[in-house]
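Chains A and B, in that order, give the protein sequences. One point on numbering: in this note's numbering, the residue at position 156 of the first sequence is 693, and numbering is uninterrupted. One point on numbering: in this note's numbering, the residue at position 78 of the second sequence is 615, and numbering is uninterrupted.
Don't read these hints as lab results, they were simulated from the structure. Just so you know, these numbers come straight off a predicted model, no measurement behind them. Treat the hints with care, since some could be wrong.
For identical chains, the list gives no copy identity; a pair is met inside one copy or between any two copies.
As the list claims (entries may be wrong) - Once the Cα atoms are required to be at most 35 Å apart in a straight line, the calculated DSBU-like pairs of lysine-lysine come out as:
(1) Lys-698 to Lys-727
(2) Lys-618 to Lys-678
(3) Lys-554 to Lys-698
(4) Lys-697 to Lys-678
(5) Lys-749 to Lys-698
(6) Lys-618 to Lys-749
(7) Lys-678 to Lys-749
(8) Lys-727 to Lys-749
(9) Lys-618 to Lys-554
(10) Lys-698 to Lys-678
Number of protein chains: 2
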Amino acid sequence: MRENGIEGKKISSAVIKRLPRYYRYLQDLRNEGVMRISSEELSRRMHVTASQIRQDLNNFGGFGQQGYGYNVENLKTEIGKLLGLDRNHDMLLIGAGNLGRALAGYTNFANRGFVVQAIFDADPEIVGHQICGLTVLPTEKLEEYLSENAVDIAVLAIPKKAAQETADRLTACGIRAIWNFAPLDLNVPKGVSVENVNLIESLMLLSYRLGKDM
Amino acid sequence: MRENGIEGKKISSAVIKRLPRYYRYLQDLRNEGVMRISSEELSRRMHVTASQIRQDLNNFGGFGQQGYGYNVENLKTEIGKLLGLDRNHDMLLIGAGNLGRALAGYTNFANRGFVVQAIFDADPEIVGHQICGLTVLPTEKLEEYLSENAVDIAVLAIPKKAAQETADRLTACGIRAIWNFAPLDLNVPKGVSVENVNLIESLMLLSYRLGKDM
């Protein structure tokens, strides 16, 4: 998948996937009081080549200056804007099990502007409970809620078997971004983004490496 | 990074990363009662090209047969073995906050042989509590525990600032696999595998796409 860059240039999804990591390093640098950094020094810290750094960041306009390096604060701000961190994102969480509760309670998300505004669950025993100051709503009320509230991102922390049907309902209501923790590939209409977090597959990769002599 | 395949062939990490997804589809096929599948049919289901499927699976020896397709059960079993799913993995969890508790309570892991055997936390208020039948131990006891118990995978569900020091202690005790939820790149000795799950970076990618016209 390729997307438009600042000047209409196509940017590969590989570059986009690296942006959050750049953002993290720039934030650490700023917190250390570093004001400027060369691609070479950034390369040493991030363990990627300086030429990749220059190529990646060139995609987004000329943040760097020859022989001068990058202005840490400016670059962080610009990448932050690209990542949408200059605005708030209202999230709706579906699934108030262990994982859903953990996600709802993760203050790092809210600190970055990703704020859970409502929590839904299909289990009548969980509906009505308070989680992080929100009353868990029944999944039947999803359409009603979405007709009255603007939501940017839906978080699916539900079992695999309910995930596709729930995704269908969400996208029918206009949801354009799904953060999916259920272990399946969702089918969604064009224009809807899905970001998967598949915990068990991540564990399997570790397990694979453990089985090898390294 | 490249690793040794079955016949000493080097396998790219890109192929390895795709194995859990193959495993998942094969499992679903088996559950549907499908006994054989061609690379073309698997291609339609997985939305990758049949030639990529053939290339990927060829890395691991000849699971497929020309004009005959793959034996679903055999292929699932073989990939499962490669992923280490034919044996149990004892895990140690560090960090009994919201995320740590959710991970400890995730029955899918145990069903796959990834079993949390001990939970540690640095907070004296949490130490001694019961989580999923385990008593939370103080982080000071980490070395003592590891001298007496074999652990395959350490799970880091702790804040960024404590993560590197904890990883150092774990690897000094011989831990060779770390499942890291802290938002930083750990420095670990050669031969130690780290698999990162960076939730906030995953959210940022969604947020990036929301900011684009698609």
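35 Å Cα threshold - placement of Lys-749 relative to Lys-618: Classified as between: cross-chain Cα gap 12 Å, same-chain 41 Å, threshold 35 Å.
Identical-chain pair category, Lys-698 with Lys-678, by Cα at 35 Å: within (19 Å within a copy, 41 Å between copies)
Within, between, both or neither: Lys-697, Lys-678 at alpha-carbon 35 Å: The answer is within: 20 Å in one copy meets 35 Å, while 38 Å across copies does not.
Within, between, both or neither: Lys-618, Lys-554 at alpha-carbon 35 Å: both (15 Å within a copy, 30 Å between copies)
Same-copy or cross-copy closeness of Lys-698 to Lys-727 [CA-CA at most 35 Å]: within (22 Å within a copy, 40 Å between copies)
Intra- versus inter-subunit Cα pairing at 35 Å for Lys-554 with Lys-698: Intra 29 Å, inter 24 Å, cutoff 35 Å: intra and inter.
Alpha-carbon proximity context of Lys-678 and Lys-749, limit 35 Å: Only across copies: Lys-678 and Lys-749 sit 29 Å apart there, 49 Å inside one copy, limit 35 Å.
Within, between, both or neither, where Lys-618 and Lys-678 count as close if Cα-Cα is 35 Å or less: within (34 Å within a copy, 44 Å between copies)
Status of Lys-698 relative to Lys-749 across identical chains (alpha carbons, at most 35 Å): Both. Shortest intra-copy (34 Å) and inter-copy (31 Å) distances satisfy the 35 Å Cα cut-off.
Intra- versus inter-copy proximity for Lys-749 and Lys-727 (alpha-carbon distance at most 35 Å): between (40 Å within a copy, 13 Å between copies)
Consistency note: the structure conflicts with none of the earlier hints.
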